[in-house]
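J.: Residue numbers (numbering that gives the first Met the number 0), protein chains in the order written: chain A, 0 to 594; chain B, 0 to 594.
Among these hints, one or two may not hold up.
Heads up, the list lumps identical chains together, so a pair's fine if it works in one copy or across two of them.
Capping the alpha-carbon separation at 20 Å, the derived lysine to aspartate or glutamate pairs in DMTMM-like fashion look like this [unchecked claim]:
1. 449 <-> 501
2. 449 <-> 496
3. 449 <-> 497
4. 449 <-> 263
5. 449 <-> 194
6. 449 <-> 471
7. 449 <-> 555
8. 449 <-> 317
9. 449 <-> 279
Don't read these hints as lab results, they were simulated from the structure.
Protein chains: 2
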Amino acid sequence: MEGGGASTPPGEGGFSSRLSRALPILRWGRTYRPATLAEDGIAALIVAAMLVPQALAYALLAGLPAQVGLYASVLPLLAYALFGTSRALAVGPVAVISLMTASALGDIAPPGTGEYVAAALVLALMSGVFLVALGVFRLGFLGHFLSHPVIAGFVTATALLIAASQFQHLVGIEGSGTTLYEMLTNLAARLPDADVATAAVGGGAVAALLAARAGLATLLTRLGASARAADLATKLAPLAVVVVTTAAAAAFDLAGRGVDILGDIPSGLPPLTTPSFAPDIWLQLAGAAVLVSIVGFAESLSVAQTLAARRRERVDPDQELVGLGASNIAASFTGGYPVTGGFSRSVVAFDAGARTPAAGALTAICVALVAWSLTPLLYYLPRATLAAIIIVAVMSLFDFRAILRTWRYSGRDFAAVAITIGTTVIAGVEVGLLAGVAASIALYLYRTSKPHIAVVGLVPGTEHFRNVSRHEVVTSPEVLSLRVDESLYFANARFLEDRVTELVSERPTTRHVVLQCAAINEIDASALESLRSMNERLSARGVSLHLSEVKGPVMDALQRTELLGELTGRAYLTHYGALADLAPDVVARGGREAP
Amino acid sequence: MEGGGASTPPGEGGFSSRLSRALPILRWGRTYRPATLAEDGIAALIVAAMLVPQALAYALLAGLPAQVGLYASVLPLLAYALFGTSRALAVGPVAVISLMTASALGDIAPPGTGEYVAAALVLALMSGVFLVALGVFRLGFLGHFLSHPVIAGFVTATALLIAASQFQHLVGIEGSGTTLYEMLTNLAARLPDADVATAAVGGGAVAALLAARAGLATLLTRLGASARAADLATKLAPLAVVVVTTAAAAAFDLAGRGVDILGDIPSGLPPLTTPSFAPDIWLQLAGAAVLVSIVGFAESLSVAQTLAARRRERVDPDQELVGLGASNIAASFTGGYPVTGGFSRSVVAFDAGARTPAAGALTAICVALVAWSLTPLLYYLPRATLAAIIIVAVMSLFDFRAILRTWRYSGRDFAAVAITIGTTVIAGVEVGLLAGVAASIALYLYRTSKPHIAVVGLVPGTEHFRNVSRHEVVTSPEVLSLRVDESLYFANARFLEDRVTELVSERPTTRHVVLQCAAINEIDASALESLRSMNERLSARGVSLHLSEVKGPVMDALQRTELLGELTGRAYLTHYGALADLAPDVVARGGREAP
Numbered sequence: 000m001e002g003g004g005a006s007t008p009p010g011e012g013g014f015s016s017r018l019s020r021a022l023p024i025l026r027w028g029r030t031y032r033p034a035t036l037a038e039d040g041i042a043a044l045i046v047a048a049m050l051v052p053q054a055l056a057y058a059l060l061a062g063l064p065a066q067v068g069l070y071a072s073v074l075p076l077l078a079y080a081l082f083g084t085s086r087a088l089a090v091g092p093v094a095v096i097s098l099m100t101a102s103a104l105g106d107i108a109p110p111g112t113g114e115y116v117a118a119a120l121v122l123a124l125m126s127g128v129f130l131v132a133l134g135v136f137r138l139g140f141l142g143h144f145l146s147h148p149v150i151a152g153f154v155t156a157t158a159l160l161i162a163a164s165q166f167q168h169l170v171g172i173e174g175s176g177t178t179l180y181e182m183l184t185n186l187a188a189r190l191p192d193a194d195v196a197t198a199a200v201g202g203g204a205v206a207a208l209l210a211a212r213a214g215l216a217t218l219l220t221r222l223g224a225s226a227r228a229a230d231l232a233t234k235l236a237p238l239a240v241v242v243v244t245t246a247a248a249a250a251f252d253l254a255g256r257g258v259d260i261l262g263d264i265p266s267g268l269p270p271l272t273t274p275s276f277a278p279d280i281w282l283q284l285a286g287a288a289v290l291v292s293i294v295g296f297a298e299s300l301s302v303a304q305t306l307a308a309r310r311r312e313r314v315d316p317d318q319e320l321v322g323l324g325a326s327n328i329a330a331s332f333t334g335g336y337p338v339t340g341g342f343s344r345s346v347v348a349f350d351a352g353a354r355t356p357a358a359g360a361l362t363a364i365c366v367a368l369v370a371w372s373l374t375p376l377l378y379y380l381p382r383a384t385l386a387a388i389i390i391v392a393v394m395s396l397f398d399f400r401a402i403l404r405t406w407r408y409s410g411r412d413f414a415a416v417a418i419t420i421g422t423t424v425i426a427g428v429e430v431g432l433l434a435g436v437a438a439s440i441a442l443y444l445y446r447t448s449k450p451h452i453a454v455v456g457l458v459p460g461t462e463h464f465r466n467v468s469r470h471e472v473v474t475s476p477e478v479l480s481l482r483v484d485e486s487l488y489f490a491n492a493r494f495l496e497d498r499v500t501e502l503v504s505e506r507p508t509t510r511h512v513v514l515q516c517a518a519i520n521e522i523d524a525s526a527l528e529s530l531r532s533m534n535e536r537l538s539a540r541g542v543s544l545h546l547s548e549v550k551g552p553v554m555d556a557l558q559r560t561e562l563l564g565e566l567t568g569r570a571y572l573t574h575y576g577a578l579a580d581l582a583p584d585v586v587a588r589g590g591r592e593a594p
Numbered sequence: 000m001e002g003g004g005a006s007t008p009p010g011e012g013g014f015s016s017r018l019s020r021a022l023p024i025l026r027w028g029r030t031y032r033p034a035t036l037a038e039d040g041i042a043a044l045i046v047a048a049m050l051v052p053q054a055l056a057y058a059l060l061a062g063l064p065a066q067v068g069l070y071a072s073v074l075p076l077l078a079y080a081l082f083g084t085s086r087a088l089a090v091g092p093v094a095v096i097s098l099m100t101a102s103a104l105g106d107i108a109p110p111g112t113g114e115y116v117a118a119a120l121v122l123a124l125m126s127g128v129f130l131v132a133l134g135v136f137r138l139g140f141l142g143h144f145l146s147h148p149v150i151a152g153f154v155t156a157t158a159l160l161i162a163a164s165q166f167q168h169l170v171g172i173e174g175s176g177t178t179l180y181e182m183l184t185n186l187a188a189r190l191p192d193a194d195v196a197t198a199a200v201g202g203g204a205v206a207a208l209l210a211a212r213a214g215l216a217t218l219l220t221r222l223g224a225s226a227r228a229a230d231l232a233t234k235l236a237p238l239a240v241v242v243v244t245t246a247a248a249a250a251f252d253l254a255g256r257g258v259d260i261l262g263d264i265p266s267g268l269p270p271l272t273t274p275s276f277a278p279d280i281w282l283q284l285a286g287a288a289v290l291v292s293i294v295g296f297a298e299s300l301s302v303a304q305t306l307a308a309r310r311r312e313r314v315d316p317d318q319e320l321v322g323l324g325a326s327n328i329a330a331s332f333t334g335g336y337p338v339t340g341g342f343s344r345s346v347v348a349f350d351a352g353a354r355t356p357a358a359g360a361l362t363a364i365c366v367a368l369v370a371w372s373l374t375p376l377l378y379y380l381p382r383a384t385l386a387a388i389i390i391v392a393v394m395s396l397f398d399f400r401a402i403l404r405t406w407r408y409s410g411r412d413f414a415a416v417a418i419t420i421g422t423t424v425i426a427g428v429e430v431g432l433l434a435g436v437a438a439s440i441a442l443y444l445y446r447t448s449k450p451h452i453a454v455v456g457l458v459p460g461t462e463h464f465r466n467v468s469r470h471e472v473v474t475s476p477e478v479l480s481l482r483v484d485e486s487l488y489f490a491n492a493r494f495l496e497d498r499v500t501e502l503v504s505e506r507p508t509t510r511h512v513v514l515q516c517a518a519i520n521e522i523d524a525s526a527l528e529s530l531r532s533m534n535e536r537l538s539a540r541g542v543s544l545h546l547s548e549v550k551g552p553v554m555d556a557l558q559r560t561e562l563l564g565e566l567t568g569r570a571y572l573t574h575y576g577a578l579a580d581l582a583p584d585v586v587a588r589g590g591r592e593a594p
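One chain only, chain A, in its complex shape (with noise of 0.2 Å):
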């Protein structure tokens, strides 16, 4: 039933085993096929066309040349190719990453200097080696931790950033500002200076592009041409966007006008380099390296599994964090910046037909090419058609529809995402990340630490105990059942034992309470006190306290402490059980043999 190769089923033991599960590349390189090669190849092609002009848009968006884009898209390929389970996944540059170095790596050097390009290369070190470490010690969990809401926050306020900062080179003023509010105060200002011949380049770029992703395979199809044609051609236009402009931009001197272009490329593999190891910047960057690489593999991992589960297929995220890991691994030694997978490229790769990771290695040597020979042909490509580039990729990544739909479901969720949104928008997204992750923790503790506690009688011809207000029921004036809906923890503990005594004091006539334990997965220490204290409370007032329907474990834990024996009442197995002890005459009008 589990997809093929790739996927490595848990718990398989051996040396070859472990082997093939720590390198994927002999599980699915053993039975690689010339046809497979075909189709792998063909994908490649077209990642490469859409990678070449995003890589070097990134690379200006975190601040680096824009050559780091290109290194940054070759030996990390080949690194996920060895290491990664993903057989779609297409690891690269990618905008959230790219604006989140922009932001780590400002406070460190000016954007431009040779020491913000070195402190890229740390960060992606030490993102690689925490993505690494979490995978070898099992703990991509952590990633968990970032909820839905959080990412589809944090994402949407991401991509407001990135469209705004662009907008500045699209329209040819100069780019100024971290947070939204700076940014739209520096376009309002600048507004009047705007380059016009800048802002038709950037314009037409931008309308050819959401033309081309609006229309064009419709209209090709229509017009005769084959529907894989067609979507072919949709992926290459942002290829013939930088092709057309760079041409315009040589012919017409657009630079003369007031263009920005690119310049001069270093021409060339990517280089050796070597990231400094000073105590000084791997303690700045420690913080930033952590969330890139936590939003990375979240992203990352979020692909490759929709993707993965589209062809019954399984990636294992452990194994991913050592294949993203190493990728940034990769990068820092081949000047680069961090990389992760990217959503747009992956499911290009996917539906042009990837068929193994190969694919994704097959690209590297397309943008090693670029690198090595091509770089000259990039010399008059316009900024602001990068810009317009840029801008159209993030336009997907605006989630408004996960968003209502988290509006529609729970207030609580909502107002996660409401706080990243407006945290990141307003401090930028390391404190808007932070500020997502701490809420939606404070506002699951907050829930849980007003646990519902429901009074429940006997359904009659039945051993069930339901809700005394949602349900029909039998109960008894001497005995209060209650039902806790919550494991007991510090931080509600104290108010079951509020609630408790609060009830009791309503029901003067009171002799028992018995605490239904079916929903309670755990009693830690602090409750533990809790009930003791409660039982002593109880017993003060001449009402016994009893259990029933404790589990198995949370049993096994109680019995290693006074609180059973110090108990004023009895731990039933079934809270039935319970009642038919100590209100039979609520059973004989209730349960099950009466009529």
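Dock chain B against chain A, hints included.
T.: Leaving out everything else, chain B in the frame of chain A:
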């Protein structure tokens, strides 16, 4: 059933009842009798005899002039008598809060300077305002996030730090260091310079106090004293030690022989002071004020509730916040520093028969008299005597039994204790407390992120389902029944998804998965996405997903989503009903109609 005047049944309306809730004195004051006054008066005298030396000692521990301790023991007690609800709580300077004050103010100014004393006023005011705000907005539940293990660990570690810091004064070497390591290093380096006369006074005082605590009462009773008189003598031991050592210091000119004495303490009632409202000092002290408030509240509330339970009374946590807040505000305007309800003095007040908060007011009058006219008598009081009083007082704070109990009960809770003690001792009180709270929350989240998921089967002859690995049950090869023992939220949603996929892979005959949701108290937006993707993944394998025993509130939420429409299976009211439908053979073999 409820206590008496001081208790406040919740939910009672009307202006006069709300007024008497906000000002509890309106309840107990109306029925105040001369006989009660006599009882309160005796208790007040005994507490004052304990409080005066402790107040002097704790003020020095906080790095403040000794008289500040007296000032903090007058108006704050009157304020608590007006607003507090506990009848025995003895408010005033306490050891742990004094150490936290020293730690917070140490960053602002050197101890002993006017700036340092002024900062103490600000800390008290901020803490008071924060406590009142918590009480007014009914946020007392925030205190619950200080779990039992964290409090036990923190108090024990703080007691250790205090004992170490006071040991330096006990042997007459110059104190230094804020962490245990620094203090011990300082002790080791300077012990050769210890002053023999000081050590004799200090050692003698400790020996006398320990002897009094260990055996004085027994000895006196054996010698024919009444139990009450013997008990009283034990409580007055600190006062006796103060009198004897002061007299000895005066008679034998111990100051001339190197013994540090208290010296001139200005006489007079507490001065009226105005705390600074400079924003920068408020910002600097904000974090410390929050910690001081929460620790003070947690300590005070636990004492108040323990004592109230013994007399079947109740304290109102939110009103207690207001009472303690008012005390601290009073302290800030009358030359004091942060105060709270102390454990040992409260127990003494309770045992001595304090009947109403008036006992606290009478104690305040006694302290005011001392401050007004008796401070010249304290001129010769050796500091070593005060150090001895502190050391013996904090010895009762070592809560090794609670720590041991935690160790036996749960590794997770013990880890929280160990982290709290370790960081408090190594990195100081503020870091230690925050680390403890963070660790207990992280450990809780970690546990809930890997929920217990049991494969269940039908217990023959019943409608109950239990874990297949713990019980003899009937199962079907086509139906996989899973009980999830935790609410589903972002941290564990993916875990469930992976676990279900794994279990289904292990059982290729599975056609139906039924999730028994009785222990699921909430499904958040992330978990909802996970359920939808699980449904899709199972459907791709030809397995349908069903839910059973979904709770009312959870079902209400799910009905607002697409999940129930997309579900390949059904949502059943009971798990037994689901099995009766999907696997009638199981019900026939094991159902309750079967033999």
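J.: So which hints don't hold here, by number, going up?
T.: Numbers 4, 5, 6 and 9, in rising order.
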